[in-house]
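Add chain B to chain A, keeping to what the hints say.
Residue numbers (this note's numbering), protein chains in the order written: chain A, 1 to 560; chain B, 1001 to 1153.
Hints were generated in silico from the structure; no laboratory data involved.
No experiment lies behind these values; they were computed from the predicted model shown.
Every residue gets a Cβ at the ideal spot worked out from N, C-alpha and C, and that includes glycine.
A hint or two may mislead.
[Said to hold, decoys possible] Taking CB as the label site, the calculated pair distances span:
(1) A/R274 to B/E1013: 38 to 46 Å
(2) B/R1135 to A/N123: 38 to 46 Å
(3) A/M126 to B/G1030: 34 to 42 Å
(4) A/N382 to B/R1135: 22 to 30 Å
(5) A/I220 to B/R1135: 57 to 65 Å
(6) B/G1059 to A/W441: 53 to 61 Å
(7) A/N382 to B/A1083: 56 to 64 Å
(8) B/E1013 to A/M517: 40 to 48 Å
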Amino acid sequence: MTVPIQAEALDISFKLLPAIIVFLMMASFLIIGFVFKVADTEGMWVAGRGIGNIENGMAIGANWMSAASYLGLAGLVALAGFYGLAFIVGWTTGYFVLLIFLAAQMRRFGKYTAPDFVADRFNSPMARALAAFTTLLIAYVYSVGQARGMGLVGQYVFGLDIIPMIVVMMTITVGYLALSGMLGATKNMAVQYVILIVAFLAGVYVVGFSQGYSTVLPQIEYGALFSELGRQFSEPFIGGNSYYLWVATAFSLIVGTCGLPHVLVRFYTVESERTARWSTVWGLFFILLLYWAAPAMAAFGVDLFAAVNGISSDAVFSGEQAMSGAEGDVIVVLAAQFAELPTWFVGLVAAGAMAAAIATTAGLFITASSAVAHDIYAELINPDATQRQQVLIGRATIVGIGALVTVTAFNPPALIGELVAYAFSLAGVVLFPMFFLGLWWENTNRQGALAGMTVGLLLWFTSIINSVLPAYVGFLADVAGGSGQALVPIYAQYVPPIGAALVGTPLVFLVTIGVSMATPEPPLETKRMVRQCHSPEPMGQQQSAENIVSDSGGDAPADD
Amino acid sequence: MYSDILIPTDGSETAKAAVDHAVDHAQRYGARLHALYVVDIDAVNFGLGTEQVDRIRQGKFGEMTELKERAEAATGVVADAAAEHDVEVREEIRAGTPHDVIADYADDEGIDLIVMGSHGRTGVRRALLGSVTERTLRSTHVPVLVVDYLDED
Chain A
1 MTVPIQAEAL
11 DISFKLLPAI
21 IVFLMMASFL
31 IIGFVFKVAD
41 TEGMWVAGRG
51 IGNIENGMAI
61 GANWMSAASY
71 LGLAGLVALA
81 GFYGLAFIVG
91 WTTGYFVLLI
101 FLAAQMRRFG
111 KYTAPDFVAD
121 RFNSPMARAL
131 AAFTTLLIAY
141 VYSVGQARGM
151 GLVGQYVFGL
161 DIIPMIVVMM
171 TITVGYLALS
181 GMLGATKNMA
191 VQYVILIVAF
201 LAGVYVVGFS
211 QGYSTVLPQI
221 EYGALFSELG
231 RQFSEPFIGG
241 NSYYLWVATA
251 FSLIVGTCGL
261 PHVLVRFYTV
271 ESERTARWST
281 VWGLFFILLL
291 YWAAPAMAAF
301 GVDLFAAVNG
311 ISSDAVFSGE
321 QAMSGAEGDV
331 IVVLAAQFAE
341 LPTWFVGLVA
351 AGAMAAAIAT
361 TAGLFITASS
371 AVAHDIYAEL
381 INPDATQRQQ
391 VLIGRATIVG
401 IGALVTVTAF
411 NPPALIGELV
421 AYAFSLAGVV
431 LFPMFFLGLW
441 WENTNRQGAL
451 AGMTVGLLLW
461 FTSIINSVLP
471 AYVGFLADVA
481 GGSGQALVPI
491 YAQYVPPIGA
501 ALVGTPLVFL
511 VTIGVSMATP
521 EPPLETKRMV
531 RQCHSPEPMG
541 QQQSAENIVS
551 DSGGDAPADD
Chain B
1001 MYSDILIPTD
1011 GSETAKAAVD
1021 HAVDHAQRYG
1031 ARLHALYVVD
1041 IDAVNFGLGT
1051 EQVDRIRQGK
1061 FGEMTELKER
1071 AEAATGVVAD
1081 AAAEHDVEVR
1091 EEIRAGTPHD
1101 VIADYADDEG
1111 IDLIVMGSHG
1121 RTGVRRALLG
1131 SVTERTLRST
1141 HVPVLVVDYL
1151 DED
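Bound conformation, chain A alone:
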């Protein structure tokens, strides 16, 4: 293993004030969860209040912005400069595709989970199983990045070694889910968003101001540092970060965003299509507040890293004193520490990272538990499952995946941002084509969907086995001729795990369309459901596509 596991430059020791801040933050999440759980049992049945655009937008933002956005993004920009921009571009552009092509249509289809949509649209339990499996896999890969982020940042506050720190933070997260059950979810997400954005922006402004980098607009002023920051920032596509990889990564992240089950679920439940659209606009705005500032934080961090270690900025990227992967991952906290800000302030920045990681992990784990408890257990294994059994299976899933993620995070294969990008590739290759074709081409049928998903899964697995696993599995490394090598270099070059969707997604589209055309068309009822999702008439609040189809007897409008 070449990736050092701890951030050497980080001041790892127990600090009282930051610990109190983190403790108060965690306690407030639990209290909010508990208060809303109590309120639920009393007033839920009569309450008819919708969740507003702004609150929903904040929930989208918090659910979305993980340790990967809070820490990983700045870390990638800090370590890889221009290449890191692919992440900012990909993670925001995806929302436009979602907004234009999927959000309102998904809302009209009106299902519960992503595998529910796939199963009902393609009339296939097998499709449900594949979608549920993919959902689980995404949650797992994605959460490893979060666990690592929580562990690294927790070290600054509590001073434990990385492994016990990851164990502690994941135990808290799983315990939080079990206790509050996420029931105050939307409220908690709004609170988590406020904490993380305040912490991050405060960090950028104070570091920029105190070090004389910037005054009112660090998001733009950091540009003045470019000439000093070494070539990674001013000259794109040098070293291993080729133009192809940049495009592949950005494309993967765009389609991945639209295929992530925990992002899509928010759109199944909004008040109306109009709310769906406006929530997305607000959500995007809240996300951009962080993304505009992340490159500035990365630039400040790199410059401070060079200054503190007394090296030139080029030496930050290569040579003996270069920034390690782990240091890059905590660059946001490091920058605040290097700027010699008070520990409570650095602690606040660290707490923001934890809020981001917990919000996203909670969302991911709940998607995973529903994939198992609802889609696999109740729909496929035991149709007579009682509600209590589903709760039990769901809780067991959360504990199980929590343990698996914790162990994997001890020695993860890549940077936080890259790990998360693997999950995006998977979502973009397997699920996005199903959602998109399922909603926009009524002739997509079961055979096409099954063939498409299988090809997508195979492509993703071979890419991971080819490029990532040789670093871990001895005999694969021998075959590849070195632990950093890929088994088939040409495959690794064109289908890198991080950008597998550039080749994968069009291929899955072609396979799905080809097989659908070669096999019988789907039943008329399914086609009507698809048409209804594009009806120009606003749908009443009590209706979903299936209801309208069964009520109207067939003359559903076919335009959008």
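For chain B alone, coordinates are given in the frame of chain A:
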């Protein structure tokens, strides 16, 4: 003695075991029967996702068709049995934590007898799956008639 009898049901065999007893009591005392299905919020959360809890909170249970059908089927079993014996019946669907909702419903609607099935689990299975009946006993002052369901297998 009894004018309003509550039979909570989740549609399981265990719950159905109590139906005959409830209907018989209702007929004997000329009481009204309340068939209550509780949508377990924890089950919605872990099974369908937190967003679906938001959906119920927004008062949109009506558009969650599968869930609603399941609930109506469960109370329907009670309603059919009651109709056979000319017993007046009221079907109700609510959401929350089952034993709390049952206890609250009993208070609000002036229930004077609750009839419930129980699966008589012991040991680990009881610790894991718990018993709604047991918890209801502890959270209400209304008399509870527990009918044990003995699995034939």
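Verdict for A/R274, B/E1013 (Cβ pair) under range 38 to 46 Å = holds, 45 Å
query = Is the distance from the Cβ of A/I220 to the Cβ of B/R1135 consistent with 57 to 65 Å?
reply = With a Cβ separation near 59 Å, A/I220 and B/R1135 satisfy 57 to 65 Å, so the hint holds.
key: Outcome of range test on Cβ distance (B/E1013, A/M517; 40 to 48 Å)   = holds, 47 Å
Range agreement (Cβ of A/W441 with Cβ of B/G1059, hint 53 to 61 Å) = violated, 35 Å
task = Confirm or reject the claim that A/N382 and B/R1135 have a C-beta distance inside 22 to 30 Å.
result = Check passed, 23 Å falls within 22 to 30 Å.
message = Does the beta carbon distance between A/M126 and B/G1030 stay inside 34 to 42 Å, or does it fall outside?
response = Since A/M126 and B/G1030 have Cβ atoms about 54 Å apart, the given range 34 to 42 Å is violated.
query = Is it true that B/R1135 and A/N123 lie within 38 to 46 Å of each other by Cβ?
reply = Check passed, 40 Å falls within 38 to 46 Å.
ask   = Can the suggested window of 56 to 64 Å be confirmed for the beta-carbon pair A/N382 and B/A1083?
value = Violated: the Cβ-Cβ distance is about 30 Å, outside 56 to 64 Å.
Of the hints listed earlier, those the structure fails to meet are numbers 3, 6 and 7, in rising order.
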